[in-house]
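Colleague: Build out the structure end to end from the sequences listed, making use of the hints.
Chains as they are written, first to last, in this note's numbering: chain Y, 1 to 259; chain C, 1 to 309; chain F, 1 to 324.
One or more of the hints may lead you astray.
Said to hold, decoys possible - Here are the simulated EDC-like cross-link-like pairs (lysine to aspartate or glutamate), alpha carbons at most 16 Å apart as the crow flies:
#, chain 1, residue 1, chain 2, residue 2
1, Y, K128, C, E161
2, Y, K99, C, D175
3, Y, K99, C, E176
4, Y, K99, Y, D162
5, Y, K128, Y, E116
6, Y, K99, Y, E153
7, F, K166, F, E2
8, Y, K99, C, E174
9, F, K67, F, E2
10, Y, K193, Y, E183
11, Y, K193, Y, D162
These aren't lab readings, by the way, just hints derived from the structure by calculation.
Here the structure is a predicted model, which means the values were calculated and not measured.
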Amino acid sequence: MSAVTSPGSVVLEARNMTRRFGGLIAVNDVSFDVREGEIFGLIGPNGAGKTTLFNLMTGLTPPSSGTLTYRGTTVTGLQPNRVAALGLSRTFQNIRLFKGLNALENVKIAQHVRTEAGLWRGVFGAAKAEEARVEARAWELLDLVGMADRAGELAANFSYGDQRKLEIARALATEPRVLLLDEPAAGMNTSEKGQLTGFIRQVRDQFNLTVLVIEHHVPLVMNLCDRVAVLNFGQLIAMGNPAEVQRDPKVIEAYLGGE
Amino acid sequence: MTDFLSTYGFLIVTMLQAGLLGLSLYFPLQAGQLSLASPGFYSLGGYVAAILLTNPAFAGLRDTLGNAMFPLTWLVAAVLAGLLGLLVGVPALRLRGIYLALATIAFVEVLRVISLNLSITGGAIGLFGIPQPFGIVDRWQYVFIFGPLLILTLLFARQMERSRVGRALRAIREDELAADAMGVPPTRYKVLAFVTGAVLAGIVGAMSAPLLSSWNARQGTFDASIAILAFVLIGGSRHTWGPVVGGALLTAVPEVLRFLADWRLVINGLVLVVASLYLPQGIVGALEKLGRPRPPQRPTPVKPAEVRP
Amino acid sequence: MELSQFIQNLMNGLAIGSVYAIFALGYTLVFSILGIINFAHGAVFTLGAYFTYTLVVGQFENNGLLKGVNLFPDGSPFSGQPLTFALATLLGATLAGLVAVLIERLAFRPMRSRGADPLLALVSSLGVALVIVNLIQLLVGAEIYNFPSNAYGDTPPALSFTLGGKIVIIRTVQVIIFAVSLVMLAVLGYVIGRTKIGKALRAVAESPTTASLLGISVDRFILITFFLSGFLGGLAGTLVGTAFGVAGPYFGVVYGLKGLAVIVLGGLGSIPGAVLGGLVIGLAEAFVPSQYSAYKDAVAFALLFVILLVRPQGLLGRSAIQKV
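Modeller: What follows is the structure, encoded as structure tokens:
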């Protein structure tokens, strides 16, 4: 796939993104570009502002200043559901599945922006074709994450690792162009972690995605990411390919100094 | 039979009515919104009907329309309750949990005090001599008015639950923020659920005004708010039948306890306490646990029609 | 508005507002610890008034199962002197506090231990309220009972003075209500702010789990909280009862509702907020022009609705930052 081998065009442009909470600056003047098809890592010590940056990018938290554009469309200022409609979808660091609903429903719900039956069509059963499509696609996505045989189980009953995978399936159900994964390996066991790199690549290729990933697990980041940005105290301190970033004295300082 | 109906006919009608009011609260609860506003819309609907049916200003209209006047009152009540629901719901639904509940209690109280003081609503005395629809001579015959509405509402609720809109409401109930991030606009659906409940309560009010043949500010009170909440929670808040079963039972309890005379309201209170302690999922929820839920069945893939070369 | 009218309104507002404040504190204490609203609080208010009335008068002439019973055939030892009346009031409030403890044991604790939907606590507490209110009706009937005019001892019924040529009349009851409420608020402020019990209470309110890790018995402090809450509710009931009569089993309902407006206005769970909210609503009601007095009861709820829309965390509440 050409998008993977040759550097793609820029799809996301973050410019001077800043977020203050009272006196605290969680994200400070962060600018970067993400290119089509790449897997872009976001690393940094705890409290560096990574999740806040994801929240700014997906509309959950409005930025104090700065903008994000996706293929020329301004994303900042949109409600989260409009951001999802635009094609940016995410998972959550602390897993926010619809825990009281089963796996199948979780994935069906997330197709909301790609479907349109309103109250009356729904009530009068006039959306059969759309419903069938939603249903079929939900099963496909469960197949993808290997959970079709547990479609009826409540999301709350899945293991951490499986909940992470289900959350990815749910994010994919919104038919995104950009997938933002917040610590996908957290809570996974070693074998699950080992498979994660291949899985994320497979998903990227299969759905033609651009992927942003926040991750702590260093081997995973090094294997998975095409480029990595490092945040510390809300500021972007380094960016480049994983090997370069790993050697960067500022990065070493941030990690060692923070311990 | 006639004896039975003359004794219990009115009770049966009020049981149906309670189920409907329970459902009016159940709709916003589907989206996780605890609204206690139903008595406000119920009261509004009743006033709309009472005014249209007794106010001299509409005498001409009544003469022209005859019995068609009654469905018209339902329609007008539905529209006005829906509009008021929109007006109140859009700002109020920014609130969550207990705050929304308290705001809706305030709404009901403000509406009550206003209705106590307007001349068009008859002030503290209220409105009297509301005519009976469709030649009804005995109050049990209101079964034929409330019964069909209940059936329609249940069908509506069931269909809605199975649809895209129902899924959106459940998503918001489970986790509003995640629902938003997954593309479900929470405000729109919360308002939709709230307005649906308001419209239903308004229609029930409009149907109830002739049933009671008078209407006053006591029809929409805080007590009613909590009674309706009890219908839903004790019947089961996660199932369409819950509010209906809860409404019917809790309405029947004081009647069944009639032999206890003065003690019956005390016992009624105890029933609420005991039921909330021992039936946390509600009656229907408890019954549902007995049966095993059916796992979702994978639809057999429809093969695309073969294209012949 | 003339100054004399202003002062009269001000005094009316402060008196009723301070009662709202101590009553609403009862809600707030329970809310800050359990995060639920005890809908039986209005019924406890009513009970407090009836308890005190029972102590002071000793009999209910007209109706109910207790008709003809006379607790004190030789006259109540609690009547006729300011001090004995104060004692009766405290006892009445204490009994109300004990009832609140009972409510916690019967209707709240079992639910907590099951981890039930907190909404159900609304229903069970309302069930309790129904039981209490109807028991009162069963026992003593639905009529209004007025405290004897000499309940406080030989105090003049009102103070009057002239101001700018106009006579200002302030009812003694109002002064007493305001003074008692202030004392109560001061005592409560001291207990919560300065004592060990208060510190533990605040710890439990902040985080029950942490508190229990620190070795604080959470269940015991929940009981203490309910007792304080009931005591405040019962005291408020007595104060209102002495001013306006004990107006039947349902007379706490209106206060129960207005108390909700008070705590939301001040900020749910905020103790200074409940006091401020009570005074604001009391004063707002007192200054409603007489031609609109029919709308007086709507003032509290209109304020509640507006504050929820403008500043949902209330006047003194902290806004919670939602963590993603």
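Colleague: Now look at each hint and say whether the structure bears it out.
Modeller: Okay, the hints, checked on the actual structure:
{"no.": "1", "hint": "K128(Y) with E161(C)", "in the structure": "14 Å, holds"}
{"no.": "2", "hint": "K99(Y) with D175(C)", "in the structure": "9 Å, holds"}
{"no.": "3", "hint": "K99(Y) with E176(C)", "in the structure": "12 Å, holds"}
{"no.": "4", "hint": "K99(Y) with D162(Y)", "in the structure": "13 Å, holds"}
{"no.": "5", "hint": "K128(Y) with E116(Y)", "in the structure": "12 Å, holds"}
{"no.": "6", "hint": "K99(Y) with E153(Y)", "in the structure": "10 Å, holds"}
{"no.": "7", "hint": "K166(F) with E2(F)", "in the structure": "9 Å, holds"}
{"no.": "8", "hint": "K99(Y) with E174(C)", "in the structure": "7 Å, holds"}
{"no.": "9", "hint": "K67(F) with E2(F)", "in the structure": "48 Å, violated"}
{"no.": "10", "hint": "K193(Y) with E183(Y)", "in the structure": "11 Å, holds"}
{"no.": "11", "hint": "K193(Y) with D162(Y)", "in the structure": "11 Å, holds"}
Of the numbered hints listed earlier, the single one contradicted by the structure is hint 9.
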